[in-house]
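**Q** Sequence:
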Amino acid sequence: MGGAAVFDLLGIFSITTGLFLINALSGDLAAHQSLTALPQILQAELAPGANGDLTDVDLRLRLLCAVPTVINMVIIVLAGLLIAGIIARIQQGQPFSSRVQKGWQGLAFVLGIGGILQTVASVIAVTVLTTLRASQGPNGGGAFGASYSGLSFNGPDVPWMLMLLGIIAGALALAFREGARLEEEVAGVV
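Just so you know, our numbering puts 347 at position 81 of the sequence shown, and the rest follows in order with no gaps.
Think of the hints as simulated: they come from the structure by calculation, not from any bench.
Just to be clear, a hint being listed does not mean it is correct.
[What the hints assert, rightly or not] Derived Cβ-Cβ restraints for the label pairs, each shown as a range:
1) I349 to S418: 32 to 40 angstroms
2) G359 to S418: 26 to 34 angstroms
3) G421 to F273: 19 to 27 angstroms
None of these values were measured; they are calculated from a predicted model.
Where a beta carbon is used, it is the ideal one built from N, C-alpha and C, also for glycine.
With the hints as extra help, turn the sequences into a complete structure.
**A** As structure tokens, then:
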């Protein structure tokens, strides 16, 4: 969880600042990322004689492009905390407690709804970028800050694995609820 969150943080830094983290930490603020540092952009070929990089893109647009990565990071951190809570209760010998059941339900919610939110944010970012590209004049400039002869976009990022894990967590929530019911029924039998 920590490694994935740090990886997302590095991506968010690159997207929002347009800088390379290692260079920025050493004081070099002149080295800039290309437009392809945005997760929604697959290819960005500058037109002959044009100069441009990610720092030429409006900050609001860079922030919009970072939203899916921010959502992904939040999902991963929340899911990790919920899983840690579930494991802690199970280790304490309380596998069918209400807190474990709520943990599984919370995990299913975070992964499922979080995956949907990440998809929606990605669709919005790709739509805005493609609309801005279509409205860019032949001399470039505009939202991308330079003239690009080749600019192609990735499709929206759909975190299928997170959503599938949300469905699995929901199924486990049902199984643990049934286990709690059986445990209550057996408690009185000797």
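**Q** Run every hint past the structure and note whether it holds.
**A** Evaluation of the provided hints:
The beta-carbon spacing between I349 and S418, approximately 38 angstroms, falls within the hinted interval of 32 to 40 angstroms. Distance hint check for G359 and S418: the Cβ-Cβ separation is about 55 angstroms, which falls outside the suggested range of 26 to 34 angstroms. For G421 and F273, the hinted distance range of 19 to 27 angstroms is satisfied, since their beta carbons lie about 21 angstroms from each other.
Of the numbered hints given earlier, the model fails hint 2 alone.
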